[in-house]
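Starting from the known structure of chain A, fit chain B onto it as the hints suggest.
These protein sequence lines map, in sequence, to chains A and B.
All you need for our numbering is the position in the first sequence, starting with 1, plus 3.
All you need for our numbering is the position in the second sequence, starting with 1, plus 3.
Hints are computed from structural coordinates only; laboratory data are not their basis.
Values in this document were obtained by computation on a predicted structure and should not be read as measured data.
Copies of the same chain are indistinguishable here, so a pair counts whether it falls within one copy or spans any two.
In silico lysine-lysine, DSS-like type, Cα no more than 27 Å apart, as pairs:
#	residue 1	residue 2
1	K158	K138
2	K269	K158
3	K138	K269
4	K269	K117
5	K117	K158
Spelled out, the chains give:
There are 2 protein chains.
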Amino acid sequence: MAPFDQAVALNPLGGDLFEGHTSPAYANFVGPFGGIMAAQALNGVMQHPGRLGEPVSLTVNFCAAQTDGPFTVQARPARTNRSTQHWIVETTQNNEVVLTATVFTATRRDTYRKVEHTMPAVGVPADTPIQGGPKRVEWVNRYEMRFVEGHFPGKWDGSGQASTRSRLWLRDEPPRPLDFCALAAMCDAFFPRVWLHRASFVPIGTVSMTVYFHASSAELAATGTGHLLAQAQGQNFFNGYFDQTAQLWNEVGALLATSHQVVYYKE
Amino acid sequence: MAPFDQAVALNPLGGDLFEGHTSPAYANFVGPFGGIMAAQALNGVMQHPGRLGEPVSLTVNFCAAQTDGPFTVQARPARTNRSTQHWIVETTQNNEVVLTATVFTATRRDTYRKVEHTMPAVGVPADTPIQGGPKRVEWVNRYEMRFVEGHFPGKWDGSGQASTRSRLWLRDEPPRPLDFCALAAMCDAFFPRVWLHRASFVPIGTVSMTVYFHASSAELAATGTGHLLAQAQGQNFFNGYFDQTAQLWNEVGALLATSHQVVYYKE
Numbered sequence: 004m005a006p007f008d009q010a011v012a013l014n015p016l017g018g019d020l021f022e023g024h025t026s027p028a029y030a031n032f033v034g035p036f037g038g039i040m041a042a043q044a045l046n047g048v049m050q051h052p053g054r055l056g057e058p059v060s061l062t063v064n065f066c067a068a069q070t071d072g073p074f075t076v077q078a079r080p081a082r083t084n085r086s087t088q089h090w091i092v093e094t095t096q097n098n099e100v101v102l103t104a105t106v107f108t109a110t111r112r113d114t115y116r117k118v119e120h121t122m123p124a125v126g127v128p129a130d131t132p133i134q135g136g137p138k139r140v141e142w143v144n145r146y147e148m149r150f151v152e153g154h155f156p157g158k159w160d161g162s163g164q165a166s167t168r169s170r171l172w173l174r175d176e177p178p179r180p181l182d183f184c185a186l187a188a189m190c191d192a193f194f195p196r197v198w199l200h201r202a203s204f205v206p207i208g209t210v211s212m213t214v215y216f217h218a219s220s221a222e223l224a225a226t227g228t229g230h231l232l233a234q235a236q237g238q239n240f241f242n243g244y245f246d247q248t249a250q251l252w253n254e255v256g257a258l259l260a261t262s263h264q265v266v267y268y269k270e
Numbered sequence: 004m005a006p007f008d009q010a011v012a013l014n015p016l017g018g019d020l021f022e023g024h025t026s027p028a029y030a031n032f033v034g035p036f037g038g039i040m041a042a043q044a045l046n047g048v049m050q051h052p053g054r055l056g057e058p059v060s061l062t063v064n065f066c067a068a069q070t071d072g073p074f075t076v077q078a079r080p081a082r083t084n085r086s087t088q089h090w091i092v093e094t095t096q097n098n099e100v101v102l103t104a105t106v107f108t109a110t111r112r113d114t115y116r117k118v119e120h121t122m123p124a125v126g127v128p129a130d131t132p133i134q135g136g137p138k139r140v141e142w143v144n145r146y147e148m149r150f151v152e153g154h155f156p157g158k159w160d161g162s163g164q165a166s167t168r169s170r171l172w173l174r175d176e177p178p179r180p181l182d183f184c185a186l187a188a189m190c191d192a193f194f195p196r197v198w199l200h201r202a203s204f205v206p207i208g209t210v211s212m213t214v215y216f217h218a219s220s221a222e223l224a225a226t227g228t229g230h231l232l233a234q235a236q237g238q239n240f241f242n243g244y245f246d247q248t249a250q251l252w253n254e255v256g257a258l259l260a261t262s263h264q265v266v267y268y269k270e
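Chain A with its partners taken away, still in its complex shape:
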């Protein structure tokens, strides 16, 4: 079983409740990588026997750092329509909420399609070197990252740069066929824009992330273990919180997900 599958595995407790366990493979500075917490919450919806359709949107709010150990996911269908469903998810530890989420699922029909935000021309993954060596934060080792632009600051000298746009080829390490949970986690795999902006190691923490899925499971299956071109850029840094927008395309230019998040920064 791949580390990702181990990390998001949930044990049904009956009704809307599921039990999971934190995974050392996705450890962050403090508590787990936010992306894996988002994937675990989404998996509560995916595993729910009452689910209708596939995810179209996901918003996760990180309420507190998880501690190592078990957690409970409650995935509750708040409203079920003919072909759409709205979910409220709460992840708890010791009866305290550590994450809230809302998920919208729908049965999709074939309609007009068009990517407006097209993939930039950046070459192919094989021509872009993998960033070398194991990283101190364990979850980073669960991703293969090939930076095209906007890599980690080379010097932490406060110089920074006006544009915080990053572009990288990204996939799970070890490679694993793409699904909704893995794609949600990848949307959180960007290092903080404030570090790039300021070349300063400011303490940070994501507080809310939204993912819009522009794919059905068929498109994700077709992407398989291929790389995604992942792009992120900041928009505003204001009194303790900044935001970013992000896009993730597969190698043939399908925009599989767009994402946004707002992140706390200390100073």
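Only chain B this time, still in chain A's reference frame:
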């Protein structure tokens, strides 16, 4: 009392519950304008005696069209930390959920600030004509709109355009001092990108919208009744759902809010 204040007014029922009433001044094709529903849900948090700090992020999910009449807003603090708070909001009618939301509030501190997504140079509101005449959909008359770019399609001939970027000067009509609820509503005041993209009157409905606030109440008060430059652009149209990103600056270039939404389209 301004129509906006009438529309978002809530009567406290005790605990986490508030009662509101739909407003004919914000009627849409079917049910109310989504922006006013978002503002009503946020106002449940704003009016809650247990609120800590000011809104930083808001996600609203539109579960069903509201019918004209009373509704109940339940605003529940799911997690309260030292200086941050996570809320779950559910708006119901006849005991059925019509809207879910999550809100993150925080007490902000003065920190480093920088607008990365700067306001485009588009002149001033006074040089940009107001779009004339009353509109068939009532809520549109509650906004003064001065389009700079990307106005409503002139012909519904299926010609469309590759870029769905719109830019307009926007404010409440009648003018009203800006606050968080009004700003949240304005984030939903863009007409659907799919109409601009295809020049075709496709049935649509927003299913989820996220707003990140990059302002404290002081910045909103300073903006007062001034115009906001509102910009929106689509990213992807895929099998029944498209998304847009949006930015709203005040006249001196402060990026007060960034927003995103995903919208159902029929074909």
